[in-house]
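Protein sequence lines, in the order shown, are assigned to chains A, B and C. Quick note: the first sequence uses numbering that gives the first Met the number 0, first residue 0, plus one each step. Quick note: the second sequence uses numbering that gives the first Met the number 0, first residue 0, plus one each step. Quick note: the third sequence uses numbering that gives the first Met the number 0, first residue 0, plus one each step.
What you were told as hints is all true, and nothing was included just to trick you.
Dumping the calculated DSBU-like pairs for lysine-lysine here, alpha-carbon to alpha-carbon at most 30 Å: (1) B:Lys40 with A:Lys227; (2) A:Lys217 with B:Lys69; (3) A:Lys342 with B:Lys40; (4) B:Lys9 with B:Lys69; (5) B:Lys160 with A:Lys342; (6) C:Lys69 with A:Lys523; (7) A:Lys290 with A:Lys154; (8) A:Lys561 with C:Lys73; (9) A:Lys561 with C:Lys69.
The set of hints was computed from the structure by calculation and includes no laboratory data.
Now for the letters of each chain:
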Amino acid sequence: MPEQDVCDLPGIVARWHRDPANLVQILRDIQEACGTIPSDTIDRLAALLDVPRVRIESTASFYAFFRAESHGAYEILFSDNVIDRMAGKETLKQYFCERLWLEPRKLSEDGLVYVDDTADIGLADQAPALLVNGYAIPSLDQARLDLVAELIRAKKPLAEWPPMLFEVPDNVRKPGPLTGEAFAPGAALRALIARGAEATLADVDLANLRGRGGAGFKTATKWASCRKAEGESHYVVCNADEGEPGTFKDRVLLASHADLVFEGMTVCARVIGARQGLLYLRGEYRNLLEKLKSVLARRRDAGLLGQNILGEQGFDFDIEIHLGAGAYICGEESALIESLEGKPGKPRNRPPFPDRCGYRNQPTVVNNVETFASAAKIAERGGAWFAAMGTPQSAGTKLVSISGDCRRPGVYEVPFGVTVRQILIDCGAEDAHAVQVSGPSGTCISFREFDRRIAFEDLATAGAFMVFSRERDMFEVARNFTHFFAHESCGFCTPCRVGTTLLKNTMDKLAAGKGSAYDMNEMKHIMHILRGMAHCGLGHTAANPVVQTMEKFPDAYERRLKRLDFEPAFDLDGALATARLITGRDDEWAHLANE
Amino acid sequence: MSKTFTLDGKVIPFEEGETIMEAATAAGVYIPHLCHHPEFKPHGSCKLCTVSIGGRLGAACTNRAEEGMKVESETEALNADRRSLVQMLFVEGNHVCPSCEKSGNCQLQAVGYHLGMLTPHFPHFYPARDVDASHPDMLLERNRCILCELCVRASRDVDGKNVFGIGGRGIRARLIVNAATGRLADTDFSVTDRAAEVCPTGAIIRKRYGFTVPIGKRLYDRHSIAELPPLPAKRGEGRGEG
Amino acid sequence: MSKLRVATCSIAGCFGCHMSLLDIDERLFELVKAVEFDRSPITDIKHCGPCDIGLVEGGVCNAENVHVLKEFRKNCRILVAMGSCAITGGIPAWRNNVDLWDCFQEVYHYGIGLENGQVPNDPELPLPFDKVHPINEVVRVDHFLPGCPPPADAIWRFLTDLAAGREPRLDYEMLHYD
Numbered sequence: 000m001p002e003q004d005v006c007d008l009p010g011i012v013a014r015w016h017r018d019p020a021n022l023v024q025i026l027r028d029i030q031e032a033c034g035t036i037p038s039d040t041i042d043r044l045a046a047l048l049d050v051p052r053v054r055i056e057s058t059a060s061f062y063a064f065f066r067a068e069s070h071g072a073y074e075i076l077f078s079d080n081v082i083d084r085m086a087g088k089e090t091l092k093q094y095f096c097e098r099l100w101l102e103p104r105k106l107s108e109d110g111l112v113y114v115d116d117t118a119d120i121g122l123a124d125q126a127p128a129l130l131v132n133g134y135a136i137p138s139l140d141q142a143r144l145d146l147v148a149e150l151i152r153a154k155k156p157l158a159e160w161p162p163m164l165f166e167v168p169d170n171v172r173k174p175g176p177l178t179g180e181a182f183a184p185g186a187a188l189r190a191l192i193a194r195g196a197e198a199t200l201a202d203v204d205l206a207n208l209r210g211r212g213g214a215g216f217k218t219a220t221k222w223a224s225c226r227k228a229e230g231e232s233h234y235v236v237c238n239a240d241e242g243e244p245g246t247f248k249d250r251v252l253l254a255s256h257a258d259l260v261f262e263g264m265t266v267c268a269r270v271i272g273a274r275q276g277l278l279y280l281r282g283e284y285r286n287l288l289e290k291l292k293s294v295l296a297r298r299r300d301a302g303l304l305g306q307n308i309l310g311e312q313g314f315d316f317d318i319e320i321h322l323g324a325g326a327y328i329c330g331e332e333s334a335l336i337e338s339l340e341g342k343p344g345k346p347r348n349r350p351p352f353p354d355r356c357g358y359r360n361q362p363t364v365v366n367n368v369e370t371f372a373s374a375a376k377i378a379e380r381g382g383a384w385f386a387a388m389g390t391p392q393s394a395g396t397k398l399v400s401i402s403g404d405c406r407r408p409g410v411y412e413v414p415f416g417v418t419v420r421q422i423l424i425d426c427g428a429e430d431a432h433a434v435q436v437s438g439p440s441g442t443c444i445s446f447r448e449f450d451r452r453i454a455f456e457d458l459a460t461a462g463a464f465m466v467f468s469r470e471r472d473m474f475e476v477a478r479n480f481t482h483f484f485a486h487e488s489c490g491f492c493t494p495c496r497v498g499t500t501l502l503k504n505t506m507d508k509l510a511a512g513k514g515s516a517y518d519m520n521e522m523k524h525i526m527h528i529l530r531g532m533a534h535c536g537l538g539h540t541a542a543n544p545v546v547q548t549m550e551k552f553p554d555a556y557e558r559r560l561k562r563l564d565f566e567p568a569f570d571l572d573g574a575l576a577t578a579r580l581i582t583g584r585d586d587e588w589a590h591l592a593n594e
Numbered sequence: 000m001s002k003t004f005t006l007d008g009k010v011i012p013f014e015e016g017e018t019i020m021e022a023a024t025a026a027g028v029y030i031p032h033l034c035h036h037p038e039f040k041p042h043g044s045c046k047l048c049t050v051s052i053g054g055r056l057g058a059a060c061t062n063r064a065e066e067g068m069k070v071e072s073e074t075e076a077l078n079a080d081r082r083s084l085v086q087m088l089f090v091e092g093n094h095v096c097p098s099c100e101k102s103g104n105c106q107l108q109a110v111g112y113h114l115g116m117l118t119p120h121f122p123h124f125y126p127a128r129d130v131d132a133s134h135p136d137m138l139l140e141r142n143r144c145i146l147c148e149l150c151v152r153a154s155r156d157v158d159g160k161n162v163f164g165i166g167g168r169g170i171r172a173r174l175i176v177n178a179a180t181g182r183l184a185d186t187d188f189s190v191t192d193r194a195a196e197v198c199p200t201g202a203i204i205r206k207r208y209g210f211t212v213p214i215g216k217r218l219y220d221r222h223s224i225a226e227l228p229p230l231p232a233k234r235g236e237g238r239g240e241g
Numbered sequence: 000m001s002k003l004r005v006a007t008c009s010i011a012g013c014f015g016c017h018m019s020l021l022d023i024d025e026r027l028f029e030l031v032k033a034v035e036f037d038r039s040p041i042t043d044i045k046h047c048g049p050c051d052i053g054l055v056e057g058g059v060c061n062a063e064n065v066h067v068l069k070e071f072r073k074n075c076r077i078l079v080a081m082g083s084c085a086i087t088g089g090i091p092a093w094r095n096n097v098d099l100w101d102c103f104q105e106v107y108h109y110g111i112g113l114e115n116g117q118v119p120n121d122p123e124l125p126l127p128f129d130k131v132h133p134i135n136e137v138v139r140v141d142h143f144l145p146g147c148p149p150p151a152d153a154i155w156r157f158l159t160d161l162a163a164g165r166e167p168r169l170d171y172e173m174l175h176y177d
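Starting from the given sequences, assemble the full structure and let the hints guide the process.
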């Protein structure tokens, strides 16, 4: 998208009902139109929305995808999950930069292109991948990057780029009830209307459906509590902020089974008495937006959304899509609500929980994409059918996103209770040495634990399943994750804001071969502080990758330790380099042995 | 008959809806804190007031008191962890106490003294932060900001001005002001604002008033923050003043 | 009982902590009965041998500071960071956000009264670090005695506690960061 000096600010603001709560969406639209969010635009926006400028600036500076400085006509962001790195991302990025004669994180001299990294973009099964002006291009290799470079040099508008670059296959390797069965839009709603809301809620209860975002809270309990809660209006929010590195199953559900998801939301709306729903789609899934909007339009036309759904008097419900703007923390439900309200995505103090005080301080159900899809199937086929799958405590199936060292990466719909070993066989990972279950915030398991099961009672998971073979360096895996958490910490609470950066710095120190046992103990101490005192799940789990790999793969750390006792916090000789340059000295006294 | 809970074994009465912090403060029991201020809505960000509530850790300033709950605060383990938090606050900013006008009256320092912090311990970040001296009466010294958002809340909720906000995220979070220039002088901030006196450190401080009280007579020179009355004194009487 | 051997030094500091040490006044007599000074500005001994206690004033701002600090760490059973600069970098650390190039330019090229100034390159001059650091970022430190300077009473208490083999404990009024 070419840069413009001005964008139709009043138009954008009107499109979002002049509502400051839609600020994130307004800023997204400004940026898509202008390429940046300039300071004077913030002033004009403050006047149009009648909110203080400082509030807009808070929001605009919080999200990774918003920027005040131009990134040129083409902004290229390489996905930087460890899986992308294993697939050669660093080399390819360097190759790409050389092709275009540019340096990362520096706008090209002609002001045309900017290259940087970004957190995992939900394409670990097709790594390495990148975003160009927010649109995903998977399965990078030299040939594809050559093409991208050529298109940029020719200044071809993104709309004219070959569509094949942006094709993202679903890679469903093992289909199940959600991903493999045909679903007739409206089927769940008809069953709901026939049985009534109360009976449907009872069915969701009977099904023992638990939240698929990882925490596993019982869905029926959440719905029932929200249904009972008093408020001016109730809301249904679908959490499609699938930011956990290595997770991409919601991408597939939204790309190919959106009816199931929207229908689940509509079922929920009927049960709790909501008239409005919101789907919070992570910014990295921008390429799904038009398709999802068209599904919504089709459903409106078919009487599955809007007024008097399926002719049922008073069954009114519609869904709006909000896009995120690059913030993992917004996957936390209260941060997501803050973001929906136009604010920085900082988790709220709880209680109260969203079921009583959520979006616009009204009773709100927030569920994961897969939870709503499952709810639709339950409404259609009944709770007993669902509960018969999986284990007693973990009913139904789970979508697992498999990536890394395996022959068939992709989405696997498995019954709960399946062993890690079985999944590894299914995906062709005979060489597996370790698996990161449920992403960086989840659990790292070693080959000794492959008989553990995917289930809330054993390995709870939001869906990520990153496989690492014997050749992989688990220290580097953990280090990548510490960088991720430091980048994604919202900065609200002391332990996480500072602790995640301390962890990152210490891991970098070890990586540079300058670590000691002192540093290892320090990291354990920081983990203790994070677990006990951080404000939300991000902080509680941010040290998990380090602590777990330390425990399960001690060799990966020990061989990096320079000595057991103590090593300086910084590179002594390196810290003299500037002075050497200025004085032109290189004598013996101008150096410090890092002995 | 009012309800009660126990705090380190002591019976604390509370009114329905009160937080642990509010009830403890009313009962004259000090729980270390920095972002909490009785005048403003609980914030829960500094985490210094983390207590054990029946074995689960939570912030005393945001958790409501409940009948019969057992709360622990003055334990060696909790104070050690609180000390780590204060150390984190010290290394993430540039807190040079010897040259700070707020020294002796600074709550960050005082909490450090209370917890027996002898060293910031962690490697210093030495961040590059802006000092804004543009305002005629007030200095904005971001090196000393601990992001407690008391000024944000005071300006928004009491002064009705929205002079302050937090920009950025993570370790790059910073105090921003309501002006396109980014200068405090270009906001409607005034020395008479409530936001001008709530800063617990020397980040927002009155110009020309430094070092007026001799060492030894400053607020926290002789008395621990835990021993001093909890409610802030009014303007000019010390606690919020430099 | 044999005397404790104590070494002291001021690296990137102002000797204020040493002044405060001398401020223990008449207790100095007690002190010299109990301790013997090794390397110290007080004795003018240039290198230290094995000691019981090392008191380090000042942060680490250049290569020579590191040599001194490592000598202390090697020879002192108990190493104490004495004063704000040793503990946080202190006032000298204010330069941490000034670019070293700008520092040198200002001092040697553009300073008032300078003509044809040149940056000296004599190997005898210690080379400065990009940033000033507290000493615990360079060596392991056993104890911290804060203050700018630490009050004489605090130093006295600290030393007598250490001499008696106790964990040093400061009274509330003795603990200061300034």
